[in-house]
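**Q** With the sequences and hints as input, model every part of the structure.
Now for the letters of each chain:
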Amino acid sequence: MLDALTVAIGVAALALAAWCGHAAWRDQPTKDWHFIGMAVVTVLVLAQLVIGLVKLAQGEKPDEGTVIFVAYLVGAFAAVPAAGMLSLTERTKWGSITVAAGAVVLAVLEVRLYDIWGTAGA
Amino acid sequence: MPDSDTTNATGAATPATADGRKRLVSGPGLLLVWLYGVMVVGAVSRSAFQISTEFDRAPLAYALSAVAALAYAFITYSLVRGGETARKAALICCAAELAGVLAVGTWTLVRPESFPDTTVWSQFGMGYLFIPVILPITGMLWLRKRGEAATR
Numbered sequence: 001m002l003d004a005l006t007v008a009i010g011v012a013a014l015a016l017a018a019w020c021g022h023a024a025w026r027d028q029p030t031k032d033w034h035f036i037g038m039a040v041v042t043v044l045v046l047a048q049l050v051i052g053l054v055k056l057a058q059g060e061k062p063d064e065g066t067v068i069f070v071a072y073l074v075g076a077f078a079a080v081p082a083a084g085m086l087s088l089t090e091r092t093k094w095g096s097i098t099v100a101a102g103a104v105v106l107a108v109l110e111v112r113l114y115d116i117w118g119t120a121g122a
Numbered sequence: 001m002p003d004s005d006t007t008n009a010t011g012a013a014t015p016a017t018a019d020g021r022k023r024l025v026s027g028p029g030l031l032l033v034w035l036y037g038v039m040v041v042g043a044v045s046r047s048a049f050q051i052s053t054e055f056d057r058a059p060l061a062y063a064l065s066a067v068a069a070l071a072y073a074f075i076t077y078s079l080v081r082g083g084e085t086a087r088k089a090a091l092i093c094c095a096a097e098l099a100g101v102l103a104v105g106t107w108t109l110v111r112p113e114s115f116p117d118t119t120v121w122s123q124f125g126m127g128y129l130f131i132p133v134i135l136p137i138t139g140m141l142w143l144r145k146r147g148e149a150a151t152r
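Top line first, the protein sequences correspond to chains G and C. Here the first sequence stands for residues 1 to 122, numbered as in the working numbering. Here the second sequence stands for residues 1 to 152, numbered as in the working numbering.
Rather than coming from a laboratory, the hints here were simulated on the basis of the structure. From the three backbone atoms N, C-alpha and C, an ideal C-beta is built for every residue, glycine too. Among the hints, a few may not be true.
For each label pair, taking beta carbons as the anchor points, the in silico distance ranges come out as [claimed, not checked]: (1) E148/C / R112/G: 34 to 44 Å; (2) I51/G / T85/C: 44 to 54 Å; (3) G59/G / I51/C: 24 to 34 Å; (4) A39/G / R111/C: 41 to 51 Å; (5) D56/C / E64/G: 13 to 23 Å; (6) K31/G / T106/C: 42 to 52 Å.
Using 25 Å as the maximum straight-line C-alpha spacing, the simulated SDA-like pairs for lysine to any residue come out as follows [to be verified]: (7) K55/G / S45/C; (8) K22/C / A82/G; (9) K145/C / K61/G; (10) K55/G / T53/C; (11) K88/C / G37/C; (12) K55/G / F49/C; (13) K55/G / G65/G; (14) K145/C / Q28/G; (15) K61/G / Q50/C; (16) K22/C / T89/G; (17) K61/G / F55/C; (18) K61/G / R46/C; (19) K22/C / L88/G; (20) K61/G / I51/C.
**A** Spelled out as structure tokens, the structure:
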């Protein structure tokens with residue numbers, strides 16, 4: 001369950017990065033539709049955070065330790081909303097590029113989360 | 001920059017903050033401050049965790065990570081604050097950061113036995129997609145450009 005969600009978020013994050021990158025390429029700022037996309041990704045990451053914490057509460061142990069796992073869960077949750085808020089202050093293509101960069105960071109975090117969780121539970 | 005359907009006032013002349021300081025976080029500066037912010041979170045949390053749990057395993061590597069974290073935090077603060085003094089301070093710190101990345105990167109390649117664990121700047125920041133070596137260069141280019149904009 002957690003692994004499937006991690007992969008899904010990684011793919012969604014890359015799609016968001018491509019979408020906002022496209023907006024930047026067309027010299028446009030982030031628009032309402034982009035923010036809806038960011039919201040969808042954020043809801044997915046929030047679900048991952050909750051499921052991860054529930055699994056920890058049930059006594060499952062991540063391969064690389066609980067502290068690192070929780071730190072990465074929280075970091076992944078914050079990445080896209082933080083970039084989205086920054087893009088609100090910069091209504092140019094640079095706001096779009098920043099959200100794209102934030103989504104790439106999220107994708108990298110998901111790869112790390114996949115490794116950190118390891119084989120503890122599928 | 002040409003803009004089709006958006007109102008765009010930034011990028012023109014020298015945007016200033018509410019209290020008159022020169023804005024460093026506009027246009028490319030926004031991407032820069034975001035990447036620096038990510039590096040702050042990454043480096044600070046990493047070094048805090050390592051120093052608090054297993055400092056004896058690789059004291060040199062963890063201390064260097066902490067130094068990197070401090071550099072990132074200071075540059076991020078300077079960029080957000082804005083103004084000519086902050087711009088110069090950030091410029092100096094970017095140069096120091098680049099020197100640090102190059103020195104530590106070379107050090108980890110020449111004497112890997114000194115580093116039982118990696119630092120943020122090991123192998124020129126390969127574990128962080130080489131962002132640590134790209135960031136100070138783009139940072140200095142941006143800060144110099146903002147300086148020229150002020151004197152014009």
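**Q** Between the alpha carbons of K61/G and I51/C, is the straight-line distance 25 Å or under?
**A** Cα-Cα ~22 Å, so holds.
**Q** Please work out if K22/C and L88/G have their alpha carbons no farther apart than 25 Å.
**A** The hint holds at about 20 Å.
**Q** Can you confirm whether the C-alpha distance between K22/C and T89/G stays at or below 25 Å?
**A** 16 Å, holds
**Q** Okay, G59/G versus I51/C on CB: inside 24 to 34 Å?
**A** For I51/C against G59/G, whose Cβ atoms are near 29 Å apart, the range 24 to 34 Å holds.
**Q** Does the Cβ distance between K31/G and T106/C fall inside 42 to 52 Å?
**A** 45 Å, holds
**Q** Check the hint pairing K145/C with K61/G against an upper bound of 25 Å on the C-alpha distance.
**A** At roughly 50 Å apart (the allowed maximum being 25 Å), K61/G and K145/C break the hint.
**Q** Quick one: are I51/G and T85/C within 44 to 54 Å, going by C-beta?
**A** Hint holds: Cβ distance 47 Å, inside 44 to 54 Å.
**Q** Quick check on a hinted range of 13 to 23 Å for D56/C and E64/G, using CB atoms only.
**A** 19 Å, holds
**Q** Given the hinted pair K55/G and S45/C, is their Cα-Cα distance within 25 Å?
**A** 23 Å, holds
**Q** Tell me if the straight-line CA distance from K88/C to G37/C falls inside 25 Å.
**A** 19 Å, holds
**Q** Mind checking the alpha carbons of K61/G and F55/C for me, to see if they're no more than 25 Å apart?
**A** OK: K61/G and F55/C at ~23 Å, within 25 Å.
**Q** Given the hint that K145/C pairs with Q28/G, does the C-alpha gap stay at or below 25 Å?
**A** 23 Å, holds
In this structure, the one hint that does not hold is number 9.
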